[in-house]
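A.B. asks: Protein sequence lines, in the order shown, are assigned to chains A and B.
Take 1 as the starting number for the first sequence in full-length UniProt numbering and just add one per residue.
Take 1 as the starting number for the second sequence in full-length UniProt numbering and just add one per residue.
No lab work stands behind these hints: they were computed from the structure.
It is possible that some hints are incorrect.
Covered by chain A, according to a simulated footprint, are these stretches of chain B (three or more residues, beta-carbon under 8 angstroms) [as the list claims (entries may be wrong)]: (1) 33-43; (2) 77-83; (3) 99-108.
Computed from a predicted structure; not experimentally measured.
Beta carbons are placed, not taken as given, at the ideal position from N, Cα and C, and that holds for glycine.
Residue strings, one per chain:
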Amino acid sequence: MASSKGKMKLEDFDEDETMEELERFDDFTLASSWERFISEIEAICRLWLADGPKNLVGKGASPLGFPKNLYKVKSQLKYGTKSYCLEYYFKTESGKNVEWTDDSHTLQLSFGVKEFLVISPLSASGVVLDAPEASKLLSSLAIALSNCDSVWPAFVPVHDPSRQAYIGIQNLGTVFTRRFEADRIGSQVPIKLMHLEGLYELFVSKFSYSTVEYTTTVAKVQFTMKLTYRTPPHEDDDDSAQVREPMESEENSEGKTQGRTQWDDDCPWTEWYSAENPIKGFELITIWLSKKVESSLEMAELENASLYAADKCFLQPILSPYIGNTIGFASQLRLLVDALGVSYGAQFLEDFVSVENPTSDNLKSSAAVPPPTVLDRVLKDLFPEGAQDVDYVKGEHKNSRAIKGAPLESLFAQFCLHSLWFGSCNIRAIAVLWIEFVREVRWCWEESQLLPRMVSSGSIDLSTCLIHQKLQMLSICIEKKSNSIKDLHKENEEKFDSLRTKQTHGLETSNEDFKTSQQGRRGSSGFAGSMMLLNSCQRMHAPYTQDAPLMTEDMHEERLHALQAFGNAFSFSGQLEKDVLSSDMSAFKAANPDAVFEDFIRWHSPGDWEDDNVNVKGKAREGATDGSAQSDWPPHGKLSKRMSEGGNSWRQIWNSSPALPVSEQKLLLDPNQEGEKILHYLETLRPHQLLGQMVSTAFRASIDTISQTSYGGLKQMEKKIEQLYITISSALKPLQASNSSDKIELIDDLKRLCLVFEHIEKLLTFAASIHRSFLDAPRLSEAIFSQFFSFYLPRMGKGLIEKENVKDFNVKEQVRASERQVILDLFPTPTSNQSWRKVLSMGNLLNGHEPLLREIIFSAYDTMSGGHYESSSPWGSSEEIETHRMYICGTSNDLHVALSVTSCD
Amino acid sequence: MDLSTSQAPEFDYLFKLLLIGDSGVGKSSLLLSFTSDTFEDLSPTIGVDFKIKMVTLGGKRLKLAIWDTAGQERFRTLTSSYYRGAQGIIMVYDVTRRETFTNLSDVWAKEIDLYSTNQDCIKMLVGNKVDKESERVVTKKEGIDFAREYGCLFLECSAKTRVNVEQCFEELVLKILDTPSLLAEGSSGVKKNIFKQKPPEDPATSGCC
Ligand SMILES: Nc1nc2c(ncn2[C@@H]2O[C@H](COP(=O)(O)OP(=O)(O)OP(=O)(O)O)[C@@H](O)[C@H]2O)c(=O)[nH]1
Ligand SMILES: [Mg+2]
Chain A
1 MASSKGKMKL EDFDEDETME ELERFDDFTL ASSWERFISE IEAICRLWLA DGPKNLVGKG
61 ASPLGFPKNL YKVKSQLKYG TKSYCLEYYF KTESGKNVEW TDDSHTLQLS FGVKEFLVIS
121 PLSASGVVLD APEASKLLSS LAIALSNCDS VWPAFVPVHD PSRQAYIGIQ NLGTVFTRRF
181 EADRIGSQVP IKLMHLEGLY ELFVSKFSYS TVEYTTTVAK VQFTMKLTYR TPPHEDDDDS
241 AQVREPMESE ENSEGKTQGR TQWDDDCPWT EWYSAENPIK GFELITIWLS KKVESSLEMA
301 ELENASLYAA DKCFLQPILS PYIGNTIGFA SQLRLLVDAL GVSYGAQFLE DFVSVENPTS
361 DNLKSSAAVP PPTVLDRVLK DLFPEGAQDV DYVKGEHKNS RAIKGAPLES LFAQFCLHSL
421 WFGSCNIRAI AVLWIEFVRE VRWCWEESQL LPRMVSSGSI DLSTCLIHQK LQMLSICIEK
481 KSNSIKDLHK ENEEKFDSLR TKQTHGLETS NEDFKTSQQG RRGSSGFAGS MMLLNSCQRM
541 HAPYTQDAPL MTEDMHEERL HALQAFGNAF SFSGQLEKDV LSSDMSAFKA ANPDAVFEDF
601 IRWHSPGDWE DDNVNVKGKA REGATDGSAQ SDWPPHGKLS KRMSEGGNSW RQIWNSSPAL
661 PVSEQKLLLD PNQEGEKILH YLETLRPHQL LGQMVSTAFR ASIDTISQTS YGGLKQMEKK
721 IEQLYITISS ALKPLQASNS SDKIELIDDL KRLCLVFEHI EKLLTFAASI HRSFLDAPRL
781 SEAIFSQFFS FYLPRMGKGL IEKENVKDFN VKEQVRASER QVILDLFPTP TSNQSWRKVL
841 SMGNLLNGHE PLLREIIFSA YDTMSGGHYE SSSPWGSSEE IETHRMYICG TSNDLHVALS
901 VTSCD
Chain B
1 MDLSTSQAPE FDYLFKLLLI GDSGVGKSSL LLSFTSDTFE DLSPTIGVDF KIKMVTLGGK
61 RLKLAIWDTA GQERFRTLTS SYYRGAQGII MVYDVTRRET FTNLSDVWAK EIDLYSTNQD
121 CIKMLVGNKV DKESERVVTK KEGIDFAREY GCLFLECSAK TRVNVEQCFE ELVLKILDTP
181 SLLAEGSSGV KKNIFKQKPP EDPATSGCC
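With the rest of the complex left out, here is chain B (with noise of 0.2 angstroms):
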């Protein structure tokens, strides 16, 4: 509700970030890392959650709002909803876990496809749980070349230690920063009509011209 004062906003751009990937592979877990920098076990997620961060990076005050989806199968056609409008979309696997990765190219790309509405989307790659080294089955440089292929950005962090958490986000919302279709969708000012349905107008006035 607080998106459509009329009040001079306390953010310069409003970013839309969706988390996606198989189950299990610690979306939520990196998320409550990045949002609170805690890290414990969460119940598996049931459709979506949501968290706003603000940040400052690169003198520019920046509002995330950050959509963590359910990689439940079940949800899968409900997920949908939450692509539109996402200016960055973390696709998230769990290193000790291949089929995660292998789902990536199997199901995720894909549903990026048919429901991300933002052509200029950026789209980053993310392998989770790097702390449990001895227990790894995906290996950096599989990484590296999924997401050149797929041309992404890439990288290995653990939502447990924390390492490269905040690294991950800063990347993505800098990459955005750089792109300016998504800056301009993001500035504040655009922001307010997002929701509306339609501007009152006067259909008596607009009709003689």
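One chain only, chain A, in its complex shape (with noise of 0.2 angstroms):
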């Protein structure tokens, strides 16, 4: 120490020669400078106390941020020709001294003092290195502070400013004075020094020096400590090893990476990239409260005791610097975004791909394509060998249908989710694999094979993007064109599936036998119930019929605009369902030759046929006429008025049809031309109607697999999930308008959408890595994520939290009793591997691992004995003073202890 202050000296003194003769010389000659720096500091002092620290914040002392709520003011003043700084620091409320709260200065923590004053020169180091001067200003200020008859404490920093040294005084009172200093230790920590034990001595050895008198001291020695651990790095955490190993070569960390494990392996994402865990680690802060201390023996024993024993148990989450950093879907996203807005500008997906294209420069800089290789990789993963089943309700939030896209499993959501990572997502990569992607369509269609991931039957669901209903079609197309007509029979009309079965049991023979033995009837699927035709006592036939057409969403509004432009005709039936009426009634007639359009209708549209049965029996149609069929006819009643009216545009229908079994009608669906005319559309697809759908279908991919993501059922989270599947939604409504007048306001409001996004991906990986860290105990992860929640939160509007407010998330939860074995978990114990690399010395261990500090306060009190000082003592004779306070702070290379002695002057 003294080697160190010398020298420190020495080069102050080089420099400021002259100044330093100058002071001496009015030291010593004008013995009233001295006592005007007194009267100075002391008009100050009143002004300060005479405010108050209400008045002081109103005119304007500066907040220091952190602690919070503390402020200080500050004048200069000159002394000779230096001039010195007197700060203030004062708290607005004058709350209880807690210990270990956050908010302590660290004088208010070395010293157990809530406000105070600092002098110190206005030079560059900010410190007194000169002893006697050091002195000198601490007296000033103790007889200013007397004068004025105030108790603040006042401090010098001195010596070399990385020791954070300090003197100080504090009158208390007329009787008692206070006596502060600090100091620390930079290195070479003395072993002693390291133990608990050792410094339990150290203050004990304090107290010899005192001048008062103590009834019992060494037994009224109080302890309390607070430890912070930090998680160690998780071991496949390259962050330390880069640091450490910067030479290390580059294959060495590839294979690295090769084996590790990352945190979020079982999360959805990783199909598509790797999160940097938003959490970097973990600080543990264990809370030993005053504990009382006879022996250096107990010390000891203090320096094993387990988590379990701790009063008191904290755990701050450590946000990771890369929370900032844009990776995942949004930034993706984004990109998409952008392709979409350059595809305005062509007429044809090809202009992006052809070399010779002169688009801007800015399209050619970021428009690099991925190597042949990746092309054929990702082909491959769309269009796999052998087709698979697909579920496309199976992992689907339940507000997914909301957005316009294909359903996450389904083969166009595949190609935008490939898209997204298909090089940088420029607009010629995207053109490139889509041409790609249209050829294995096409050539899925020529070879008839089924395509991958879409379903082959069923309906198609208006729900979801145009792209994804012709693929829906053309699947169908396709199952269609590759079935012969005969199994397309097998499968038509499930109704009648169950006449067919009941049909067996009938005295009649079997389907064969009806084509044969009845003249001139074609395509009979069996009989239809019980029924009986109306003029000859034959048995009536339910006719095979085609399905209805499907249509998809530009199919239908077509047939819409066809019809809206009938304007105000008086009435009019769509063509569409005149086709199917006259193809049923063909196929009906062929069914049955003999037939009347009162039986068609009996079949067809069972409530305009008025049974007279029915109205005599009740409702028991089919158990009337049951086994007894051929006595009960002909069979009894009549068309319904509505029905029977002249003009009935059915019975037109029915007279203009002719008998035709649907093998011989013409389709109403033509899979040949309807899937060619699919092709066609995906191949002359312009291109801002691709990437119009593309960015639709992404939101929904994207926020579809992240919502799959197990973050425990977070409360927060599941809303804002929701709520972020309608923002989508509704935000991407203008998309599909064909004619979204303004694009750069689209556009914007689509990059605005990715930062929500981003948002909450941001949140959602937060909230997995919680749930993640502490899966047996869910209290702590929610609690823990909704402080981050609500952290977070304010800062969305204003864009995303950077690097440096990373650190204002300094959230300490406290863990529960219960919790302590999960936290334990947070620290496996050390690999021998790892443990190399420290000497482990100062004890407090956990698992092996050491605090990251470990902080100590000794306070010793005692009842002052009356005798001489009662009179003058501005206590109660009672009362109980600290006398002797220690605060140590350290580590095992670096020791910082503050020492408070009160003494009677």
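Two chains, two frames, a set of hints: combine them into the complex.
C.D. replies: Dropping the structure here:
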């Protein structure tokens, strides 16, 4: 200590030789200059005292920011040629001074004071290097403060700044004075002082210098301790590894990456990217409160105390500085939106691919297309050999359908996801991929191969995007095309299945027999229940019928448009429906050569046949006629009034429909023609039409993917995801309107949507990470998440959290006793490989991990023994006062000690 | 065709309304009763019917395009076209036939969920044929309960006696006029573009932005 002080002083002396000379000159010749200095201090302090904290804040005292609600005012003054700065630190509200609260200034913590003064020279170092000067300053302050009856403690920074050393003084009324002293050892901490035992002895040793008489000294030592631990870096965390070994060769680190497990391995996004863990680690703070210590032996025991013995235990997540970085779906979606913006500029997708196209330079620079091998790999993934079953509903969120895109598991959605990560998701790369994609689809069509990831039956889901509808339709066309007409019949008209089974129990023979035995009967699927024809004593046959044609959204729109064009036409009907009806009638006629119009109505629209039997016997028509079909012939009844009116359009269609089984009819939906039309659509799709649908589908697929993450059902998260679905769905609406007028505005809105997505994605990564850290302590992950949530939410409007505000998240969550085991698990016992790096020496190990910081406060109290102090004592006669206090803060190679001793002058 | 003329339209709003429900409940009769004050027996609808009626309500001139769909199951996959862009949907049942009432929740409400493209579209439940009081099997209370549960308007009427027919359409339209998003869709300015494929666009100018 002494040597470093001397050295520093020499250097200083060289610089300010003349000043030093002058100062001394002042000191010794003009006794009043010191007095002037004291009264100057006194004047300043009186002003501050008179104002009081509230008024000082009103007059512009500056808040320190950290610790919260600590303010300071300052004033400059001169002593001789030297300028000093006097600062007064205070809190606005005088709360109880609780030990180990976060918001304490170092000096508050070191000396257990609330408000205080600091005087320091206005020099580069800001410390007083000269011991006499320091003590002179301190006595000046002490005199000034006692002149104005202030009990403020005052401090002077001394020695080398790195030592953070202070001396200080406080008048406690007229009798007692407290003296302060703090210093630090920056390296080579003596072994003795690394351990609690030695530190205790250090404290006790200070008693001997005391001038206060003690009744029971040693017995009254109080001890509190705060230990801060940091979770060890994850084994695969390259952070520390790279810092330590910057020379490591590339191959080496690559080899490492392959084998390692990522924190998000089980998260659904890992198929596309790996996310940085938003939580770098945790700080664990354990606190031991007010232990009475009687011997150094007890201290040795405390050094081995387990986590369970701590009075309090707090956990603070440390955010990764990379949390503000953009990775994940949001960043790719942003690129896709950019591509959409560019897409308006071209008529054909091919324009983006061709080399000689003189599109602007900004396109070229960022328009790298991945090599053919990558393209091949993507196509193989999209079109795997051998079709697999898909279930679109699986893994879908309940709000998914609100977004007009393709379902996550569908072919087009997978195309979109691949596009996001194909090259830099630029328009050229997308165009290349799309053209290849369509080529593959055409191949499937030509070869009658079912499309992968597509359902080839059912109806068209109009809530999806048009491309997906077209692919759905194409898939159905391929299925139809590849099936023979005979197969087509078999799966036709499922509603007659039951009738067919019933018929086998009847007296009549099988299907085959009808065709041969009944002259002219064609296309029958079996008896239509027990119904008999009206004009001939035969059972009615149900015909095979054509499926009603499927339509994609644009076909519906076209139809609507055509119908609307009739305007005020009094009455008309859809041609397509007429075709369907006519087809049904033709098929019915072919299956029942002797049937009349009424028979058809009885089969097709039973509600329009008023059966006399029903009126008499009630509803059981089947029962009434079953088994005695022949005896009841001919059936009684009549057409409903509306069906029997003259000029009835049904009868007109009946009259004009020829008897034709479906096999000979013109198809309502010609798979060859429809399929070809769809391929034409895909092959001539305008760039912005493709990109528009890609944006919608990519958003839907992205949120569907991330929403599958398991995060322990955290309520706020669930709600945010739900909201995001709604936000996306409404923000994408303008994309569907083909005439969205303002493209720039649209792109801006979509960019904003990407930002919203990014926020939710970040929140979700945090939720996933915290959930994985505390699988067995859901309360803890919930509590920490909601702290993060309320920290993050207000920042969402202003853009992302930056590196700087990561530090602002310093929430400490108290850990319950039942959760401590989970906490211990965060500190896996170090492998031998890891532990050699550090020589563990300070004790208080947690699963073999040394604390990051150990803070201790020793204090000794004494009851004043009355006697000659009594009359003047400001304290009650039975009052206990803290005579000694020592704050120790350190690690195995850094020790900070602050001592305050109250004495009777 | 007259919808796309560039002259100022002779109406303030154009609303698209849709009638759905089982075959024979009286949708076409209801529409005829509303548009031409008559009641006659009509052929069962094949596919869809479509009528225009101009009305003035709340000081606004309204053009109502009312689509009357077929209740026949055979046409159901085709009728999904007509749900698109409807601002109001009228679900009709026959108070003398219970199955037409139960089918509302079993069939028709599901169709609306599947095909209606308009989240805010107003739904209305109508029990028809109240003139056949002696044959009634669905009580008014049942109708009210269903409407409350499904969140829609409710009325009982008769296409034959024209009781409540006018009110039925009027209430629906008033509700649409109360709903800003539907109002915006129906305003005559927007309407012109509805069937336009895309605006003519000069690729050269929009490319350099
Ligand atoms: N008594 C009575 N009969 C009605 C009423 N409304 C309709 N009808 C009769 O009910 C039958 C069916 O009416 P439609 O209007 O054709 O029924 P719809 O709902 O259009 O039937 P589809 O077009 O097949 O869906 C006709 O015979 C009508 O005369 C009514 O209010 N009272
Ligand atoms: Mg009708």
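A.B. asks: Identify every previously stated hint that the structure contradicts and give their numbers, smallest first.
C.D. replies: As far as the earlier hints go, only 3 is violated by this structure.
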